[in-house]
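Asker: Chains as they are written, first to last, in the working numbering: chain A, 6 to 118; chain B, 9 to 118.
There's no promise every hint is true.
In silico SDA-like links for lysine to any residue, alpha-carbon gap of 20 Å or less [said to hold, decoys possible]: (1) A:60 x A:50; (2) A:58 x A:75; (3) B:76 x B:15; (4) A:76 x A:23; (5) B:50 x A:58; (6) B:113 x B:88; (7) A:62 x B:76; (8) B:50 x A:60; (9) B:50 x A:70; (10) B:50 x A:17; (11) B:50 x A:12.
Keep in mind the hints are simulated off the structure, nothing from the lab.
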Amino acid sequence: DVKVTQSSRYLVKRTGEKVFLECVQDMDHENMFWYRQDPGLGLRLIYFSYDVKMKEKGDIPEGYSVSREKKERFSLILESASTNQTSMYLCASSLGTGGYEQYFGPGTRLTVT
Amino acid sequence: EDQVTQSPEALRLQEGESSSLNCSYTVSGLRGLFWYRQDPGKGPEFLFTLYSAGEEKEKERLKATLTKKESFLHITAPKPEDSATYLCAVQARSNYQLIWGAGTKLIIKP
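Using the sequences plus the hints, can you model the full thing?
Answerer: Given below as structure tokens:
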């Protein structure tokens with residue numbers, strides 16, 4: 006079975022802090038994704054990566070950056086956390102991009118105070 | 009504009025009462041349609057992928073079907089443990105991103 010793990014289930018940070026969310030997949034998948042999920046807004050793509058050191062902006066990249074130094078690891082960085090970044094953050098991976106399902110991690114509930 | 013609409017927003021059923029969830033989509037060339045289950049506070053769990061009209065897939069009490077405009081997730085004789093939010097997503101041939109529906113919250117009462 007595909008396993009996607011995220012570094013924290015719950016995280017509380019202060020406004021202005023730099024926040025790192027890490028994601029690791031164990032199935033040698035090419036593609037990795039970061040989403041945020043908010044009530045009433047559904048799943049929104051922040052960034053995705055289709056190869057090591059490669060990244061593409063999703064629908065809402067503002068305020069975020071990513072890093073993919075190794076194939077199995079994809080990090081989301083909030084350079085200066087703000088209260089409107091309080092959300093559930095979900096990492097996913099897929100074998101390829103065309104017609105392949107994505108497998109999700111358990112999520113990180115981030116609260117910025 | 010590519011979009012996905014799920015209905016109803018919420019559905020309450022008695023245990024054993026069969027029903028269907030709908031996912032309507034408009035996309036310029038469908039590459040794939042995906043169904044997921046999401047429990048509260050957890051990440052979505054992959055259920056099915058459908059690629060072409062007429063295709064059907066089954067898993068336990070769930071059966072997914074696909075037409076050129078919509079997909080149905082049929083649930084037969086549901087149990088309380090089937091309670092979850094069910095998400096639908098589509099991928100167009102022109103774009104690798106998934107377009108997500110808002111989900112249907114299914115509640116099965118014992």
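Asker: Work down the list of hints and note, for each, if the structure agrees.
Answerer: Each hint, compared with the structure:
1. A:60 x A:50: 12 Å, holds
2. A:58 x A:75: Answer holds: residue 58 (chain A) to residue 75 (chain A) is near 8 Å, not above 20 Å.
3. B:76 x B:15: OK: residue 76 (chain B) and residue 15 (chain B) at ~17 Å, within 20 Å.
4. A:76 x A:23: 23 Å, violated
5. B:50 x A:58: Violated, at roughly 28 Å.
6. B:113 x B:88: Satisfied, since the Cα-Cα distance of roughly 13 Å is no more than 20 Å.
7. A:62 x B:76: Violated, at about 30 Å.
8. B:50 x A:60: With a Cα-Cα distance of about 25 Å, the restraint between residue 50 (chain B) and residue 60 (chain A) is violated, given a limit of 20 Å.
9. B:50 x A:70: 23 Å, violated
10. B:50 x A:17: 18 Å, holds
11. B:50 x A:12: 14 Å, holds
Comparing the model with each earlier hint shows violations of hints 4, 5, 7, 8 and 9; every other hint is respected.
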